[in-house]
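Make a model of the complete structure from these sequences and hints.
Under the working numbering, the residue at position 23 of the sequence shown is numbered 28, and the numbers go up by one with no gaps.
Bear in mind the hints are in silico, worked out from the structure with no lab data behind them. Glycine included, each C-beta is placed from N, C-alpha and C at the ideal position. Accuracy of the hints is not assured; some may be wrong.
Stated by the list, open to error - As a list, the in silico DSSO-like pairs of lysine-lysine whose alpha-carbon atoms are at most 27 Å apart:
1) Lys44 x Lys77
2) Lys44 x Lys76
3) Lys47 x Lys32
4) Lys44 x Lys73
5) Lys73 x Lys51
6) Lys77 x Lys47
7) Lys73 x Lys22
8) Lys51 x Lys76
9) Lys44 x Lys32
10) Lys77 x Lys32
11) Lys22 x Lys44
12) Lys51 x Lys77
13) Lys73 x Lys47
14) Lys32 x Lys73
15) Lys22 x Lys51
16) Lys22 x Lys77
17) Lys76 x Lys32
18) Lys76 x Lys22
19) Lys76 x Lys47
20) Lys51 x Lys32
21) Lys22 x Lys47
Claimed, not checked - Here are the in silico distance ranges between beta carbons for each label pair:
22) Leu75 x Lys44: 16 to 26 Å
23) Glu40 x Asp67: 13 to 23 Å
24) Tyr33 x Asn80: 29 to 39 Å
25) Lys22 x Val65: 26 to 36 Å
26) Asn80 x Val7: 17 to 27 Å
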Amino acid sequence: MVGFHGAGNSNCAYMGKNSLLIEIFNKYYPHPHFELFCKVLKIRYKSFFCEQNFQDLNGVCDISEITKYLKKLRNFRS
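See below:
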């Protein structure tokens, strides 16, 4: 599951063990809530920070960085 930091990421509670949550952060709001949640649930976790961060907590992310990470995982598992 891939999501911007927020309540929607709580859906990871329904993911199977060893699933992956990728969380996108605004650098002004780096909270470890979901990372800790994933540790308890035995879900893999990876975070990415936005390239452009705004004070209202919105941001613009470089999706190619996330895509590159996912392709690397895919090749590793093949």
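Against the structure, the hints:
Of the pairs offered as hints, the one joining Lys44 and Lys77 holds, with about 22 Å between alpha carbons and a cut-off of 27 Å not exceeded. Taking the CA atoms of Lys44 and Lys76, the gap is about 23 Å. The hint holds against a cut of 27 Å. Restraint check for Lys47 and Lys32: the C-alpha separation of about 25 Å stays at or below 27 Å, so the hint holds. The straight-line distance between the Cα atoms of Lys44 and Lys73 is roughly 24 Å, inside the 27 Å bound, and the hint therefore holds.
Between Lys73 and Lys51, the direct Cα distance comes to roughly 13 Å. Compliance with the 27 Å bound is thereby established for this hinted pair. Restraint check for Lys77 and Lys47: the C-alpha separation of about 21 Å stays at or below 27 Å, so the hint holds. Note on Lys73 and Lys22: the hinted pairing holds, with a Cα-Cα distance of about 23 Å set against a maximum of 27 Å. Taking the CA atoms of Lys51 and Lys76, the gap is about 14 Å. The hint holds against a cut of 27 Å.
Using a Cα cut-off of 27 Å, the hinted pair Lys44 and Lys32 holds, with the two alpha carbons roughly 22 Å apart. Restraint check for Lys77 and Lys32: the C-alpha separation of about 24 Å stays at or below 27 Å, so the hint holds. Pair hint Lys22 plus Lys44 holds up; C-alpha atoms about 10 Å apart against a cutoff of 27 Å. Between Lys51 and Lys77 the CA atoms are separated by roughly 13 Å; this keeps the pair inside 27 Å, and the hint holds.
With a C-alpha separation of about 24 Å, the suggested pairing of Lys73 with Lys47 holds against the 27 Å cut-off. With a C-alpha separation of about 21 Å, the suggested pairing of Lys32 with Lys73 holds against the 27 Å cut-off. For the hint pairing Lys22 with Lys51, the CA-to-CA distance comes to about 15 Å; that is within 27 Å, so the pair holds. Restraint check for Lys22 and Lys77: the C-alpha separation of about 20 Å stays at or below 27 Å, so the hint holds.
Between Lys76 and Lys32 the CA atoms are separated by roughly 24 Å; this keeps the pair inside 27 Å, and the hint holds. For the hint pairing Lys76 with Lys22, the CA-to-CA distance comes to about 21 Å; that is within 27 Å, so the pair holds. Pair hint Lys76 plus Lys47 holds up; C-alpha atoms about 22 Å apart against a cutoff of 27 Å. Distance restraint check for Lys51 and Lys32: the Cα-Cα separation of roughly 15 Å lies within the 27 Å cut-off, and the hinted pair is therefore satisfied.
Straight-line distance between C-alpha atoms of Lys22 and Lys47 comes to about 5 Å, which keeps the hinted pair within the 27 Å bound. The hint said 16 to 26 Å for the Cβ distance between Leu75 and Lys44, and at roughly 21 Å that hint holds. In this structure the supplied range 13 to 23 Å holds for Glu40 paired with Asp67, their Cβ-Cβ distance being about 21 Å. Take Tyr33 and Asn80: their Cβ atoms lie about 34 Å apart, and the range 29 to 39 Å holds.
Checked against the hint of 26 to 36 Å, the C-beta distance between Lys22 and Val65 comes to roughly 33 Å, which is consistent with it. For Asn80 and Val7, the hinted distance range of 17 to 27 Å is satisfied, since their beta carbons lie about 18 Å from each other.
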